[in-house]
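Chains as they are written, first to last, in UniProt numbering: chain A, 1 to 790; chain B, 1 to 790.
A portion of the hints provided could be inaccurate.
Because identical chains cannot be distinguished in the list, a pair is counted as satisfied if it fits within a single copy or across any two copies.
Computed cross-link-like contacts, DSS-like style, restricted to lysine-lysine with a CA-CA straight-line distance of at most 27 Å [claimed, not checked]: (1) K597 <-> K713; (2) K557 <-> K306; (3) K713 <-> K268; (4) K413 <-> K621; (5) K557 <-> K621; (6) K597 <-> K621; (7) K268 <-> K404; (8) K713 <-> K413; (9) K597 <-> K404; (10) K306 <-> K580; (11) K404 <-> K580; (12) K713 <-> K621.
Calculated directly from the structure, the hints in this document are not laboratory data.
Residues per chain, in single letters:
2 protein chains.
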Amino acid sequence: MTHSHPDPHGPLREMGFEVHPWRLQWSGLRVDMLARTESLFALSNGHIGLRGTFEEGEPTVLPGSYLNGFYELRGLPYAESGYGYPESGQTVVNVTNGKIIRLLVEDEPMDLRYGTTESHTRTLDFRTGTLQRETVWTSPTGRTVRIRSERLVSFTKRAIAAIHYEVEPLSEDMTLVLQSDLLANEPIPVPGNDPRLAAALDSPLVSDMADSRGYSAVLAHHTRNSELYMAAGMDHILDLPSDAETSIRADGDLARLTVSATVPRGQKLTLTKYIGYGWSARRSVPALGAQVEAALALAVDTGWDKLVAEQTAYLDDFWHDADIELDGDPELQQAVRFALFHVLQAGARGESRAIPAKGLTGPGYDGHAFWDTESFVLPMLTYTLPVAASQELRWRHATMDKAKARAAELAQKGAMFPWRSINGDECSGYWPAGTAGVHVSADIANAVARYLNATNDEQFDVECGVELLVETARLFSGIGHFDMNGEFRIDGVTGPDEYTAIVNNNVFTNLAVQQNLRDAVAAVRRQPEVARRLAVTDEETARWEACADAMCIPYDKQLDIHQQCESFTLLGQWDFEASKDRYPLLLNYPYYDLYRKQIVKQADLVFAMYTRGDAFDDNAKKRNFDYYYPLTVRDSSLSACCEAVVAAEVGYLDLAYDLMCESVFTDLHDLHANVESGLHIAALAGAWMDCVAGFGGMRDFGGNITFAPRLPKRLTYMSFRMIVRDSSIVVAIDRETATYRLLSGSSITLAHHGAEFELDGTPVTMPIPERPALVPPLAPPGCEPYSRPE
Amino acid sequence: MTHSHPDPHGPLREMGFEVHPWRLQWSGLRVDMLARTESLFALSNGHIGLRGTFEEGEPTVLPGSYLNGFYELRGLPYAESGYGYPESGQTVVNVTNGKIIRLLVEDEPMDLRYGTTESHTRTLDFRTGTLQRETVWTSPTGRTVRIRSERLVSFTKRAIAAIHYEVEPLSEDMTLVLQSDLLANEPIPVPGNDPRLAAALDSPLVSDMADSRGYSAVLAHHTRNSELYMAAGMDHILDLPSDAETSIRADGDLARLTVSATVPRGQKLTLTKYIGYGWSARRSVPALGAQVEAALALAVDTGWDKLVAEQTAYLDDFWHDADIELDGDPELQQAVRFALFHVLQAGARGESRAIPAKGLTGPGYDGHAFWDTESFVLPMLTYTLPVAASQELRWRHATMDKAKARAAELAQKGAMFPWRSINGDECSGYWPAGTAGVHVSADIANAVARYLNATNDEQFDVECGVELLVETARLFSGIGHFDMNGEFRIDGVTGPDEYTAIVNNNVFTNLAVQQNLRDAVAAVRRQPEVARRLAVTDEETARWEACADAMCIPYDKQLDIHQQCESFTLLGQWDFEASKDRYPLLLNYPYYDLYRKQIVKQADLVFAMYTRGDAFDDNAKKRNFDYYYPLTVRDSSLSACCEAVVAAEVGYLDLAYDLMCESVFTDLHDLHANVESGLHIAALAGAWMDCVAGFGGMRDFGGNITFAPRLPKRLTYMSFRMIVRDSSIVVAIDRETATYRLLSGSSITLAHHGAEFELDGTPVTMPIPERPALVPPLAPPGCEPYSRPE
């Protein structure tokens with residue numbers, strides 16, 4: 001196993017992928033690529049997620065239909081149990097599949113593994129938000145048909161997905177049969193070898209109701225252990241020859257509309273399928289069924305064309321606020337828009353649900369959300385789709401009771417948010433993450449402050465923000481302590497770098513907590529009434545200030561660099577040469593050996609130099625980067641994008657470019673060889689981070705938006721857009737200058753390479769200061785960053 | 001839950017236990033005490049272990065018959081798996097029960113829960129090594145019988161246990177039926193809620209053979225997963241009335257000799273049952289059957305009286321070398337001999353098998369051996385029964401291949417011995433112990449050096465000792481590293497204190513490793529040929545010396561004390577007041593909270609001050625003890641005995657006395673409320689440690705035996721015995737003087753309170769220097785040491 005990231009299947013272009021600025025298009029069909037494309041072509045609105053499987057049902061590797069927040073419980077087993085270990089975990093459920101439209105050509109099932117595929121193209125269109133497909137297929141007995149389909153998961157109608165499906169006989173008149181299904185409890189492969197997980201996911205849905213009428217049907221189910229209720233419905237608009245026959249049935253796990261017709265050559269059989277979903281932990285089966293029927297009625301009433309038009313309009317708005325244009329690397333342009341599109345899909349309409357690490361594109365990580373959301377995904381959403389950022393933070397706030405209960409269970413004050421979860425309860429079976437990974441609570445608080453700075457959303461502040469800041473500050477005020485020298489220490493934690501754990505005074509954590517404490521003090525002063533409701537005392541805020549001011553930040557005076565955590569620079573050296581063919585190391589070395597050495601899985605101190613760049617001077621940033629980059633093996637997809645930002649800042653622009661590519665192409669080029677279980681949403685959000693914070697040099701400490709743009713040599717131009725408070729701006733960068741324009745809203749104070757300026761209706765163009773090219777440090781052997789041919 | 005240790009069942013005396021210097025005697029019968037007495041009255045020779053259940057089979061709580069090293073495998077489950085986690089664990093198997101002699105009085109089964117027990121006495125005799133019992137019982141229909149039984153597990157015939165059983169009708173002539181059984185797969189309660197463990201232990205034995213002839217029978221079985229083979233056999237000598245009838249059968253899991261006879265009042269039905277066991281991973285079923293039959297033939301030939309005589313003679317020898325006499329506290333005298341007797345039972349005839357933490361007295365800890373053996377049990381055996389110590393270390397040596405493979409699996413050099421095991425393979429499902437608990441390997445090396453110093457056993461040295469020292473030195477030479485300041489660091493380890501883990505430079509570990517490295521250098525010089533065979537180079541030994549000399553020993557200059565591990569004294573304070581009713585803390589607080597605070601589960605630095613007392617000056621010892629004792633909650637039974645030794649050394653003699661009592665009465669008074677699953681052999685060995693090293697002040701650094709005797713105020717006299725090389729000595733201590741006598745062997749150089757002297761045939765009496773009584777530090781609230789009424 002190595003790290004040197006060649007696409008295991010060869011370059012995308014050779015596999016039939018085409019470079020387009022606004023779409024991902026694949027004119028190929030390799031069965032060994034299917035699992036991967038099921039993830040790449042997944043559609044989602046943040047509430048419903050449908051993997052990119054074929055309508056015909058097979059061939060498929062990992063079918064997947066997901067509803068955000070809909071999970072099954074399973075027992076978590078321990079060889080040796082311990083206090084506070086979660087007894088059960090949550091696993092995302094593959095819900096009733098409404099994507100299936102089976103096709104029989106005469107009586108041969110259309111299956112691309114048989115017969116001859118004359119042509120086959122799938123297109124994920126970033127502007128219409130639809131997945132299009134055109135296939136010309138000749139059956140084993142020689143009958144040729146053209147299939148065109150287009151589908152969407154609606155951004156505007158949250159409960160709705162729809163498929164427009166056409167079949168056209170090309171070779172002769174023929175009898176065609178369509179079977180449009182709702183299918184629950186379809187068999188799925190279960191990862192790993194945990195029999196409890198397999199048991200939990202083997203037919204997780206218990207049928208409650210099946211009903212059909214006309215061209216529509218509804219199936220209702222609930223999960224065996226978690227007792228969540230869901231309904232899935234379908235309705236159809238058909239365009240049929242006069243001899244066509246239809247029938248419908250619904251029973252248990254299957255509802256099926258069958259259409260058969262003799263279709264003359266050159267004419268078409270057309271079916272539009274509307275799929276509706278609803279779920280609840282509380283609502284009754286009849287209520288859920290009615291809810292789905294109502295959603296379907298509205299969708300049918302809206303009609304396919306209008307649904308597509310709404311989808312396109314929604315995306316027009318999104319791209320207006322979020323688009324990034326690049327010149328010099330068309331493939332990267334495509335990949336960046338692919339990335340932004342999928343981050344949007346993950347976060348758009350979650351609406352008080354989590355944004356999972358894989359979005360709703362696959363079952364990876366059991367469908368859990370981690371600190372990825374607040375630390376990687378929300379920076380982009382905050383400045384491009386702030387309502388989605390607020391919705392995610394409202395989900396965190398909605399789990400406050402669970403977070404407080406978890407803190408109390410662990411003998412802590414305030415609120416302790418889970419390391420990984422779907423419903424807010426801790427699901428980590430590894431306590432050094434699940435309890436010691438406390439930075440997740442500070443990450444949430446930091447995201448709250450970032451969001452508030454970027455939006456001045458008073459209602460959110462009053463309803464959620466202050467409480468999130470206060471309860472996390474209470475947590476850390478209790479977790480840390482003043483030592484005999486008066487330093488405020490936070491011991492025994494696990495920072496971002498998962499190749500160390502249970503360390504003292506992790507700089508990333510301590511700086512995030514410092515910010516959290518200060519933001520909590522500010523929140524209490526900003527919203528005294530909320531503070532009174534939360535019973536915040538003056539002693540408390542005084543302590544928070546004192547803790548923040550005395551925060552322990554380990555520094556190695558001998559080496560003149562920061563220590564990732566206390567004593568880090570005294571730890572043993574890792575033998576990178578010996579391990580260079582054994583990445584990811586966690587599959588080949590024990591924690592025992594990794595934890596006690598100077599080896600870093602993912603940006604930790606380096607990430608802190610971005611998130612809390614205000615706490616480091618420029619020299620420290622460069623010295624630290626030079627020390628830590630050669631120790632960082634990037635066995636996590638969360639690393640490259642952070643390193644790229646800091647590499648750009650300290651002057652290694654071309655290294656930053658390679659690191660950015662590694663993050664952006666994580667999924668398109670399957671760099672971690674696991675895209676089949678879902679996309680890496682945080683790495684994709686890293687595309688935004690790298691363009692805006694990396695080459696744009698955007699920082700937002702305390703709500704002050706500053707830029708320090710500089711392009712790497714492979715890019716001749718870049719522009720990006722942002723919303724800050726009520727201002728919408730665009731920043732256009734070329735080799736010599738950056739031009740700032742206000743698209744709408746109030747004038748705003750910005751800074752360009754340290755020079756403050758006011759941006760109003762008049763564009764401002766500023767020169768980019770020259771800086772000598774620097775020679776970057778070397779990556780560990782076998783961990784060279786992803787270098788794409790020019 | 002509290003720690004203040006009252007016997008949950010009240011004082012032993014009130015429950016019918018009597019104080020005797022040479023036996024444990026219980027004239028009571030409380031069914032709620034049965035599980036506990038099954039452990040207290042267990043018999044073992046280190047090869048076979050039989051819990052003290054009644055011959056009649058019921059009532060019983062936890063039947064237990066064990067063969068040292070005979071285990072079943074079971075899968076170890078993980079909520080989140082990791083590299084190097086053991087996939088399967090070993091669990092001691094309850095083997096074929098040969099203790100059962102059911103009695104029917106007329107046709108009523110004798111069961112103490114029914115009818116009337118007129119009198120009932122059980123006696124564990126420390127000099128005969130037998131468990132005696134006399135019961136007068138009246139059946140529900142009014143028939144009265146006296147039952148006398150005596151049983152032993154032979155120290156001299158390792159494969160043999162025997163029971164002498166008599167029934168005497170007292171009220172009238174009556175028909176008696178005896179059913180003497182071998183019973184495999186008897187149902188047992190399984191601790192905890194792991195379904196895999198329950199599955200593994202539900203009928204673990206698969207029948208291979210069942211045979212009977214005359215009064216004898218053999219059953220052979222093997223374990224389902226571990227594929228170990230065992231045979232159990234029985235033979236009988238009967239003394240019967242002329243009308244008696246007998247029959248025998250053997251089939252599958254049951255062999256039964258049935259005897260029925262009408263016995264006139266005042267006469268007796270007498271049966272002597274010989275039970276033989278054998279097991280092997282390699283030998284065939286017929287071979288094992290034959291082996292057991294041969295052992296039985298020899299036992300029958302020897303006869304009951306001679307077996308008892310051999311047993312008594314064996315114990316005479318043991319007590320000659322090991323006895324400890326105390327004046328001033330008869331209950332403690334009894335408890336100390338009880339302790340020494342059970343340690344002997346655990347270690348006597350293991351013969352290249354482990355000495356488990358519970359001996360063979362119960363299924364606790366799955367029957368695993370830990371570092372307890374080398375660090376607590378071997379100190380006693382080394383000086384009282386050195387052959388047993390050598391056999392245990394030969395077991396470790398026999399697992400060298402597994403230890404080397406484990407080291408290689410974890411990317412280490414040399415040999416890494418398991419944290420917990422039966423067969424030498426790691427069984428810990430908690431990696432901070434199972435990989436980071438590296439001190440176990442140093443403890444083994446230290447035990448090797450101690451044994452060699454105490455015996456000059458050249459053959460052991462050549463065959464095992466050097467290799468054990470060299471391969472552990474190789475491990476630590478590779479695990480540690482020199483930092484930029486030239487200190488040799490051992491990072492990321494778990495020391496003895498299980499309320500910290502994954503720490504840097506644990507003093508106990510580093511000092512044990514320092515000794516290990518130096519002893520390895522000495523071994524290489526002492527046995528150059530062995531060193532050549534092991535390919536030890538001069539560079540290697542030079543590095544070992546350099547590592548040892550540069551060993552990092554964290555010291556807090558501000559507080560002027562040692563740090564248990566790096567940064568320990570900077571960690572947060574534990575709120576002892578808040579937790580005082582919540583012991584043991586590990587059941588009420590998460591590792592996360594325990595690990596990052598200044599709270600100590602069990603003696604760690606304090607233990608190091610005993611084991612490596614040569615590395616601390618007297619002032620440091622006192623200052624350290626004063627600091628760490630108030631932080632130590634003794635949630636482990638391994639703590640009190642170590643703290644007692646150091647308390648005695650620094651001058652807190654009465655505190656030492658209380659701590660010693662806590663260790664010695666751990667099981668008799670059930671201080672940890674878990675004696676039912678087996679005795680705490682290490683805590684019992686602590687009795688020896690506390691008398692000899694505590695009040696006797698014995699130390700043996702580098703083989704130099706020194707004493708510093710001083711008695712606590714509750715003891716007026718103490719004497720103990722030791723074997724050092726070929727010298728057998730006795731040390732008798734009263735308030736003013738200590739008298740040293742050579743019982744046999746060569747003269748030997750000793751020291752008394754720093755004054756060296758030569759002990760030859762003439763006893764030497766030395767005055768005990770006066771020392772002012774010191775006021776000891778206070779224990780944490782709720783952790784006061786076990787203070788027994790005077």
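Verification of the supplied hints:
1. K597 <-> K713: neither (36 Å within a copy, 51 Å between copies)
2. K557 <-> K306: neither (65 Å within a copy, 76 Å between copies)
3. K713 <-> K268: Intra 51 Å, inter 105 Å, cutoff 27 Å: neither.
4. K413 <-> K621: Cα proximity of K413 and K621: none, with 34 Å in one copy and 37 Å across.
5. K557 <-> K621: This pair counts as within: shortest intra-copy Cα distance 15 Å, inter-copy 33 Å.
6. K597 <-> K621: Only inside one copy: K597 and K621 sit 22 Å apart there, 32 Å across copies, limit 27 Å.
7. K268 <-> K404: neither (59 Å within a copy, 71 Å between copies)
8. K713 <-> K413: Neither. Shortest intra-copy (50 Å) and inter-copy (47 Å) distances fail the 27 Å Cα cut-off.
9. K597 <-> K404: Classified as between; 22 Å across copies, 35 Å inside a copy.
10. K306 <-> K580: neither (54 Å within a copy, 68 Å between copies)
11. K404 <-> K580: between (43 Å within a copy, 23 Å between copies)
12. K713 <-> K621: Answer is within; shortest intra-copy Cα gap is 22 Å, inter-copy 65 Å.
Going down the numbered hints, you'll see the structure goes against 1, 2, 3, 4, 7, 8 and 10, while the others check out.
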